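Participant: Using the sequences and the accompanying hints, generate a full structural model.
Those sequence lines, one after another, are chains Y and S. Under the working numbering, the first residue of the first sequence is numbered 162, with each subsequent residue one higher. Under the working numbering, the first residue of the second sequence is numbered 9, with each subsequent residue one higher.
Hints should not be assumed to be uniformly reliable.
List of simulated lysine-lysine pairs, DSSO-like, C-alpha gap at most 27 Å [said to hold, decoys possible]:
no.: 1; chain 1: Y; residue 1: 194; chain 2: S; residue 2: 900
no.: 2; chain 1: Y; residue 1: 169; chain 2: S; residue 2: 653
no.: 3; chain 1: Y; residue 1: 169; chain 2: S; residue 2: 647
no.: 4; chain 1: S; residue 1: 647; chain 2: Y; residue 2: 272
no.: 5; chain 1: S; residue 1: 647; chain 2: S; residue 2: 700
Source of the hints: derived by calculation from the structure; they are not laboratory data. As the structure is a prediction and not an experimental result, all values here were calculated from the model.
Given next are the chains, with one letter for each unit.
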Amino acid sequence: MTVEELYKQIGGNYEEVIGRLRSDKLVIRILGKFLEDTMCPDLISAWKRGDDAAAFDAAHSAKGVCLNLAFTRLGALTSEVTEALRPGNDDLRASTDVDALIDEISVEYDKVSNAIKAFLATQE
Amino acid sequence: MAEDSLPTQSESGGLGHYLSPLNVWGLSVGCAIGWGAFVMPATTLLPKAGPVGVVVGMIIAALIMIVVAICFHYLLTRYPDSGGAYVFTKKVLGFDHAFLCGWSLLLAYLAIMWANATAFILISRYLFGGVFQFGFHYTVAGYDVYLGEVLVTLAILLLFGVISCTKKRVIISLNTVLALVLFFGVVACFFIVVGLSDANFASFEPSFAPGTNPVVGVFGIVALAPWAFLGFEAISHGAGELNFSGRRLLPIMIAAVASSAIIYILMTMVTVVGMPQGYDSWAAYIANLGNLDGLAALPTFNAMKLVLGDIGIVLLALVVVAALSTTLLGLYRATSRLLFAISQDEILPPWFSKLSSDGIPRNAIIFIMAISVLVPFVGRAAIGWVVDVTSVSAAIVYGYAAICSFKLARQKDNRLIAGIAVAGMVSAAVFLVYPLVPNMWSTSALAPESYLIIVVWSIFGLLFFRLAFQRDTKNRFGKSTVVWVLMIFLILFASTMWMRQVTHDDMEEMVVDVSEYYANDYKTHDIKVTSEDLAREDAYLETETADMRTMLLNSSLVQMVLILFSLVIMINIYALQRKREKDLEIKRLSAEETSKAKTAFLSNMSHDIRTPMNAIMGYTHLARRDDATPEEMREYLDKIDDSGKHLMSLINDILDMSHIESGKMQLQLNETDIVKVIEATYAMFATQMQAKKIVFTVDVHDVSDNVVMCDAARLDRVLLNLVSNAYKFTPAGGAVTVVLRQISDEEAKAEGKASFVLSVKDTGIGMTPEFAERVFDAFERERSSTVSGIQGTGLGMAITKSIVDMMEGSIQVNTAPGEGTEFIISFACDIAGLQGKGQKEIEPIVEPRDFSGLRVLLVEDNEINREIAGLIMEDLGFEVDLAEDGVVAVQKVASSKPGTYAAVLMDIQMPIMDGYEATREIRTLANSELSSIPIVAVSANAFADDVRLSLEAGMDDHIAKPIDPDRMIQIMSRLIPG
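Facilitator: What follows is the structure, encoded as structure tokens:
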């Protein structure tokens with residue numbers, strides 16, 4: 162399995178990430194870091210315990226990570242949560258089903274990290 | 009308009025336009041001249057001013073009436089209706105004023121009608137003696153009322169009512185003949201009397217009334233004008249029925265006024281000449297008139313009898329009957345049309361505006377007959393009090409005519425008419441005040457009863473106004489408090505005057521009583537007093553009571569003013585309170601409206617989001633199938649891509665809108681070549697326009713300051729919204745034109761600004777006026793667009809409007825269904841610095857540059873982001889130092905040797921110390937080389953205000969995550985000199 166195939170599988174934009182990082186090797190190195198990164202789990206747990214401020218911080222960081230890695234789908238979801246939770250955007254918050262988004266992020270994150278784990282396993 | 013709606017006008021032999029100029033003259037003269045013209049010369053005119061004074065006064069009065077006629081004519085050429093002054097006032101000043109005007113007209117017309125109807129019996133008394141004085145009998149205010157005479161008067165009132173219900177043409181012909189008889193009869197009588205009597209110039213001595221100032225006398229005559237000529241304007245109730253152009257009406261009205269003045273003057277002359285033998289001068293005769301009986305008390309008839317005997321009396325009686333008849337016919341007509349017009353406005357029940365088959369408001373005539381039934385029973389003296397009041401109501405009506413024409417003429421910039429109307433307004437004001445104030449310019453006041461009638465009439469008016477207000481379902485009344493105050497003023501003032509008149513009379517009696525008492529007292533006690541002593545005593549009593557009266561009047565006037573003043577304040581408070589309640593209500597409604605719109609928007613939104621989402625999921629499902637060919641796969645992916653893009657634009661719109669709504673959106677002004685922005689739009693749409701066969705043109709005119717300070721992205725957004733809408737709603741074969749024009753605006757230029765007008769015009773389906781009004785409202789979208797599929801978020805125009813508002817510009821829309829749409833935006837921008845002028849701002853082409861040997865400090869809390877950014881920077885040749893939060897970053901910079909770091913890449917959101925704070929700390933470092941180090945914000949937030957915040961914190965630039973390497977090269981090249 163190639164990195165490109167992996168990206169296709171997890172709803173990411175391979176062209177974008179390779180434009181940024183130039184080589185598959187570097188991408189793979191950072192994908193490994195992604196598995197260690199706790200932003201998405203942090204976001205989910207902060208939301209579950211009702212800590213909006215922490216959830217916003219985590220979402221914001223997760224969004225940066227996902228966009229940098231060109232995880233398009235996860236990036237869009239975390240972006241949406243970030244905007245909804247951004248202090249002051251009450252109207253948007255009211256009209257957004259954050260619970261559903263968090264659920265989606267949870268599913269998507271599991272999907273992405275499982276795929277990466279599986280992928281990295283084949284690389285070793 | 010009311011006359012236009014008469015159902016049978018055109019069908020039944022063209023009765024719609026049947027009034028010839030002669031008919032109109034007859035109506036006007038007939039209404040103006042009644043019983044008064046034949047008795048007033050002796051009872052009022054001559055005692056006031058004398059023969060020459062009457063002539064001069066009448067001429068001036070006629071001139072003033074011509075001013076009023078010009079006002080009426082100016083109005084009725086614009087509102088040719090049957091309602092006359094009532095309708096003019098309604099159209100120009102609103103219903104409140106129209107009510108007062110109509111109420112005044114009604115009183116005036118009815119009073120004149122009643123006075124003339126009851127005058128028939130007076131002639132019969134002179135001609136036939138007491139023939140009709142049978143049946144029961146009583147006295148009202150000194151006037152004997154007999155059953156027989158009551159019956160005769162009733163018969164006359166009803167007779168004319170019935171005649172007025174018959175064919176229009178018959179009535180008008182009869183009226184015209186009678187008017188001719190009246191006018192030429194008066195002229196004939198004058199020549200007969202002057203020719204056959206031994207009158208010479210000496211007969212007209214004294215020229216002015218003895219013992220009075222001639223000027224005061226003439227003024228007294230002029231002041232009678234509204235009373236004397238009242239009715240000449242009644243023709244305004246027939247403006248819709250003329251068989252000639254309304255413009256030609258003015259000479260006819262002037263002729264009618266002149267004819268009426270001539271009649272008054274000739275009858276005055278006849279009165280003077282008809283002096284019976286045994287008197288030195290007309291003055292002695294007139295002074296003694298009160299003591300005479302029979303014909304001698306009626307100088308005009310007496311004069312005719314002197315020269316022609318009984319034939320003369322019959323002749324003049326014919327003329328007088330013609331005068332009375334024309335007045336009754338004309339006023340039955342005018343009053344019924346007035347009631348008709350008021351009823352058409354649903355202020356009176358619809359019963360009044362029912363028409364007979366001949367197009368005559370018969371019910372209104374029946375109503376007038378019904379209320380007139382009581383009149384004969386109250387006697388002429390009482391009717392006289394009502395008649396005296398008509399000067400007040402006529403002054404109100406003439407005043408309204410003048411105010412309305414003034415207002416209209418000012419709007420139309422007609423200075424001549426405006427000037428004439430001012431003269432009319434001043435005259436009307438004098439006419440209104442003059443009869444109300446006793447002893448003003450030392451002429452007589454109204455009778456106490458007349459003041460009471462004004463009070464009663466005003467109170468009834470207020471009551472009726474209250475009723476009309478209550479019944480008014482169209483919110484037409486209650487707009488003007490001036491009317492209330494005017495009516496209350498009339499009530500208060502007239503009641504004060506009534507009190508004053510009553511005490512005046514009582515005190516006069518008291519003086520007499522007291523004098524008699526003392527005279528008796530002197531007699532019984534046998535005290536000798538000379539007549540001089542008595543006279544002195546009388547005089548003393550007179551002055552004392554006069555002082556008392558003056559004091560009473562003055563204090564009640566002060567009291568009235570105080571009451572009125574507080575009433576005005578109260579009404580004002582009330583109006584203010586009402587306005588406040590209304591404002592609150594409006595706010596509440598608009599809040600409700602917004603929340604409703606938001607709910608509707610959300611449901612629309614969820615529909616719109618679901619639609620592309622369904623497409624994406626559906627095609628994904630299809631693409632997952634094993635048997636999908638690569639071609640099919642590509643097609644599915646294309647569709648998924650399209651839907652995804654649409655969804656993206658939807659989300660962007662929502663985010664923008666929420667920014668705008670929360671007031672977060674800010675313009676980012678940069679040096680921009682505005683022409684480039686427009687041209688870019690052309691490039692963007694050219695292909696798709698061509699594909700849809702739409703002629704797409706972009707024109708730039710007279711733009712001399714093309715480089716201005718402007719938010720290019722936002723301007724682009726505006727253009728994009730407008731042009732894509734134009735594209736969407738223009739069918740194939742249509743045209744879309746974008747025009748940018750700089751307008752020469754010296755004022756703006758002086759402030760260093762350039763003013764532009766940007767127009768986006770299409771030949772598309774256009775909008776209904778209702779939708780065009782709401783097109784800029786957030787959450788609004790055309791119903792058809794939801795039906796016809798995905799057309800947009802319904803936010804585009806609201807965003808456009810908000811952006812234009814932020815640019816301090818204005819946007820307007822010209823559109824009609826099927827006639828295309830044009831959006832016109834006017835805005836002004838600061839002209840960019842002179843060095844930028846004429847230059848094109850070109851995004852520098854990114855040239856790879858070797859940054860090797862340079863070191864940057866990368867501040868980022870997230871390991872992955874740190875790694876990625878690090879890799880990008882290393883790829884560009886940089887050496888990278890890392891810091892995981894703001895505190896570490898500040899420490900690293902502070903402890904570094906100046907020149908170690910070429911730049912700092914600063915994440916914004918970090919624990920412990922965020923990017924803004926860290927930047928501020930660095931900027932305050934003591935070492936100037938370290939504190940001025942280039943700092944670039946790296947943030948996942950890319951809204952304009954995030955960029956602004958970064959720059960405000962002291963950073964040099966801003967780059968959004970995910971990092972675009974090209975952009976990074978650009979920024980670094982700029983910040984680090986090569």
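Participant: Compare the structure with each hint and give your call.
Facilitator: A quick look at each hint next to the structure:
1. Y:194 to S:900: 25 Å, holds
2. Y:169 to S:653: 18 Å, holds
3. Y:169 to S:647: 17 Å, holds
4. S:647 to Y:272: Between residue 647 of chain S and residue 272 of chain Y the Cα gap is close to 24 Å, so the pair holds against 27 Å.
5. S:647 to S:700: Judged against 27 Å, a Cα distance of about 20 Å means the pair holds.
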